[in-house]
Amino acid sequence: MGSSKILRQLISLSEDFEEYSLESDTGDLIDQVISRKHLRKLLSALQARDASTLCHSRRVAFLAKGIATNLGWEGIHLKRLEVAALLHDIGKIGVPDHIIFKPGKLTSDEIELMSHYHNIGLDVLQACRTDHEVLTILSQTRYHFSGATNGYQFIGSEVNQGARILAIADAYDSLATDQVYRTGKKHEEIMSILMEAAGTQFDGNIVCALSRWEQNEKQAFHDALQEVNRLFQPKDFTEREAIEANLISNIFSYLFQIESLYDGFYIVNADFQFVVLSPGLEKLADLRAIDVLGESWTSGSLPLTNKEGTNLTSAECSMNRVIANGKPMTTEFMLERPGGRLINIEVQSVPMFGDDGRLIGVTEIFRDLSRSLKRPKEYNDLKLAASLDALTSVANRGELETQLAIMLSRIQKEQNPEPLSLIFIDADHFKNINDSYGHSTGDEVLVELARLFQHETYSGELVGRYGGEEFVILCPETALEHAVKKAERLRLAVSNLKMENQSNIRVTASFGVSQYEPGDSLESLFHRADSALYQAKETGRNKVRALTCEQMKSGEIIPDEVPEATAAEGMKFESTFNALISSDFIVYKLGGFVNDNHARLTEVSTNRAVMRLGKAGLLPFWGKTDDRKPVEIEVVFGSSTKKSNSNRRQTSSQVEIATRITPMGWIKQPEVFQQRAGRVFRLLKDYFAAE
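For reference, each letter of the sequence shown is one residue, going 1 to 691 in full-length UniProt numbering.
Just so you know, the hints here were simulated from the structure itself, not pulled from any lab data.
Yeah, the Cβ is synthetic: ideal placement off N, Cα and C, and Gly gets one too.
Any given hint could be a false lead.
[What the hints assert, rightly or not] Derived DEER-like restraints, expressed as beta-carbon distance ranges:
#, residue 1, residue 2, range
1, D291, A242, 32 to 42 Å
2, I290, I111, 34 to 44 Å
3, S52, L247, 14 to 24 Å
4, L342, P234, 21 to 31 Å
5, G151, T107, 17 to 27 Å
6, H598, S249, 37 to 47 Å
7, M195, G151, 38 to 48 Å
8, H598, T441, 35 to 45 Å
All chains should be modelled from the sequences, with the hints used to inform the complete structure.
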């Protein structure tokens, strides 16, 4: 079957949609979510492809529906979730046999190919005019509760609750089911695994809801799961059903090729209405399918420009050109990304005609010509690792700074923005834990604290480790008084924390809270929370303190005395060394040091140079383990002198170089700077082959 004929089948699915009414009194709400005819065809095709996957989908639907019912879901919302669960693996119809039926673990390449099934399922369900809430649930099911898998665009409760429920139901059944490389796990072991991932991958509240359901209805819970398996019986297909299943399978297989080879596509019907807008194109063009599906195509539907970066004219649009000449074509355009950056893309435009010669639709397939040659999965893994703290698996300092900057940028553009608060946390007397029990135990404490903060935050907060024993929690849509209540709840939870292997360790923490106020910068908001934390520690620790701009100005709360000027004037590292080089070559050596270490010269003269080494983050604070924070290095060099070598009876030139290193930023622990400065001094000294 030709490619255009297969794509025509997607349009046929859309046109074959069985109209329904929300006022229907059928008693069964399926037709309000998806055409019953389409649902039957899709599930039959999945059974024909892999009956075990369909059985898994039925068990997941049972689990998702049960969890949601225990959380108070009912009516149309419950039916949407049930349908989403039944169809969450429907895209596996298109995965090649050598991957889906492989008797062992998949390689990284195979995992990358396997991941396309998710998008394939969404493509087909869009064509079936599936309820938008179902599409949202399925599109967000793979988002981690912490937001780490989607660049923190959705965090915690911002992820659709149905998606959070489905993710846990899917994980539960996958862990409980025998796989070719392991046997299924028992309920207690599964719950332990889910709870360990609560707050990061999964919503802890929903994991607890599943646990309560099983505890309250233990026998009925497990009997019902067995009943789902018992009632499922593979059926014999009629000739017509087999043909329909094969047709559906061909559609999925072709879409697998498109999703594997290209970055996205869309389909419009004869009325130029969007029938499909793939998840890949959503990401590439920064669009949302739910905003586009059913709408009419225009030349401005996608942010395309010509090579000069100007808007396309009607004559330049590839859509209009293929409709005019009736032939497929490939064109290169520029596509505008968020922030105004233009990327080079290739667009394949394919007109589709019915047997009577009438146009029934157009498909346009996109390929990003600027895409990195790295394999997508490897790139995504590296990107994810770069945003997480290696020890605790919460957001790292760089990600915290980035996300806070994004949140502030949004707030400053809105007329009536939602409140934003920040909680700064420092474990009390943490050095004593390291000194008394060792650094490995100290690391265990930090991991437990991070896990506790993740478990106890479930309103869209972002938890991150700022450095050492310091944590930060960003609280969008949270006013100061509510943030203080959250901090107090966290403080009590920390004080009640019991270490599994060190029951005699008691941990407490101090909390500083601030809320964004008009005129705030990233630095001032953070500094206010840090100052509140300072006051909490100065007044006895294990406390919560908050600060407003007015309180800072009035001096009502003692501010942390760390302004940059004080730090620069009051803290310095000074030393000298003899460079084994003549004064004629000192400037060349200095230039080499600047280039090799990515330093920046700010002043230079015949006997003096000033340079800056290191990189400042968005915030000027020095953490407790910073080794790349910026410092200013001043070097003053004298004239060359000759030194005799009595053993070799030779003389060598040397220059005395006086060095002064000062920090740039705010520092609460002077020893951190001294360690950093000592390393910089040794680096400079070694570079000049100094004595």
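For each hint, the structure was consulted:
Look at D291 against A242: about 38 Å separates their beta carbons, and that is inside 32 to 42 Å. With their beta carbons about 28 Å apart, I290 and I111 fall outside the hinted range of 34 to 44 Å. The given range of 14 to 24 Å is respected by S52 and L247, whose C-beta atoms sit roughly 22 Å from each other. In this structure the supplied range 21 to 31 Å is violated for L342 paired with P234, their Cβ-Cβ distance being about 53 Å.
Distance hint check for G151 and T107: the Cβ-Cβ separation is about 26 Å, which falls inside the suggested range of 17 to 27 Å. The hint said 37 to 47 Å for the Cβ distance between H598 and S249, and at roughly 55 Å that hint is violated. Between M195 and G151 the C-beta distance comes to about 26 Å, which lies outside the given range of 38 to 48 Å. For H598 and T441, the Cβ-Cβ distance of about 37 Å falls inside the hinted range of 35 to 45 Å, so the restraint holds.
Hint compliance for this structure: hints 2, 4, 6 and 7 are broken, all remaining hints hold.
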